[in-house]
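Using the sequences and the hints, build the whole thing.
Heads up: the sequence lines are chains A and B, in that order. Note that the numbering used here numbers the first sequence so that position 30 is 20, with each residue one more than the last. One gets the numbering used here by counting positions in the second sequence from 1 and adding 1 to each.
Accuracy of the hints is not assured; some may be wrong.
[As the list claims (entries may be wrong)] Taking lysine to aspartate or glutamate pairs in the EDC-like style, the calculated list, with each CA pair at most 20 Å apart, reads:
1) A:K32 <-> B:E57
2) A:K35 <-> B:D4
3) B:K32 <-> B:E80
4) A:K(-8) <-> B:D4
5) A:K91 <-> B:E80
6) A:K35 <-> B:E80
7) B:K18 <-> B:E80
8) A:K91 <-> B:E43
9) A:K32 <-> B:E23
10) B:K19 <-> B:E43
11) A:K35 <-> B:E57
12) B:K32 <-> B:D4
13) A:K91 <-> B:E57
14) A:K32 <-> A:D72
15) A:K35 <-> B:E43
16) A:K(-8) <-> B:D96
17) B:K32 <-> B:D60
18) A:K(-8) <-> B:E73
19) A:K(-8) <-> A:E46
20) A:K69 <-> A:E5
21) B:K32 <-> B:D96
22) A:K35 <-> B:D96
23) A:K69 <-> A:E46
24) B:K58 <-> B:D4
25) B:K58 <-> A:E(-7)
26) A:K32 <-> B:E43
27) A:K32 <-> B:D39
28) A:K32 <-> B:E80
29) B:K19 <-> B:E102
30) A:K91 <-> B:D31
31) A:K91 <-> B:D96
[As the list claims (entries may be wrong)] Derived CB-CB ranges, DEER-like:
32) B:I70 <-> A:K35: 23 to 31 Å
33) B:T16 <-> A:S43: 50 to 58 Å
34) B:I14 <-> A:K69: 46 to 54 Å
35) B:K18 <-> A:Y41: 14 to 22 Å
36) B:S55 <-> A:K32: 42 to 50 Å
37) B:P9 <-> A:Q21: 31 to 39 Å
38) A:P104 <-> B:R71: 29 to 37 Å
39) B:M28 <-> A:D47: 19 to 27 Å
40) A:K32 <-> B:E23: 13 to 21 Å
Since the hints were derived computationally from the structure, they do not count as laboratory data. Please read all numbers here as calculations on a predicted model, not as lab measurements. Don't be surprised by glycine CBs; every beta carbon is placed ideally from N, CA and C.
The primary structure of each chain is shown beneath.
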Amino acid sequence: RKEVEQDPGPFNVPEGATVAFNCTYSNSASQSFFWYRQDCRKEPKLLMSVYSSGNEDGRFTAQLNRASQYISLLIRDSKLSDSATYLCVVNRGRGAGNNRKLIWGLGTSLAVNP
Amino acid sequence: EADIYQTPRYLVIGTGKKITLECSQTMGHDKMYWYQQDPGMELHLIHYSYGVNSTEKGDLSSESTVSRIRTEHFPLTLESARPSHTSQYLCASSDPGRPQETQYFGPGTRLLVL
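This is how it looks when you write it as structure tokens:
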């Protein structure tokens, strides 16, 4: 079982739709959570960090459920420019060395259609 | 916007050649990373460094080596390139001053070994 699991999709949605992605992680000691966005053949870029109380940035809302060990990303009013792969990223837990490294999900592909 | 640079962006080279992929950042970040990513696959950490003269191997075994003589520079070397080394190599750095140590990526080097 992978440490971070995501549904690879693709999710095909019309413009204006609301779409949600989930991601599960296996390490209960994980402390930091992120959503990154990666456009085709480009480098990943941070979309948002995920905080325990949940957080919102414009049309994007991230939630963390520690009990069930999953994080979610909600995109409202989808735009064509939202088409990308969304990567779930989790750190391995506390401490130095290997415990501080980030584990990357495979990503969920989103295509927003006109 | 992150100031992290990689050269070359694309490299096509024959088997057996020695190559060095350059990565530099002007943000003064102590932590730097090398990832390998194949098309449609997740990022795998191959090397990381927590500062000058500090280098560690990542999760994915790699025949490459790295050095960290200066804070801003983290080159990756393959002594004898093979077709199995064909991949995209992404360099990143992180700022411990930012919440949860966000990683910033360079544009990547696409390597093709013939």
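Hint compliance check: list the failing hint numbers for this structure, sorted ascending. Violated hints (numbers, rising): 1, 3, 4, 5, 6, 10, 11, 16, 18, 19, 24, 28, 29, 34, 35, 36, 38; every other hint is consistent with the structure.
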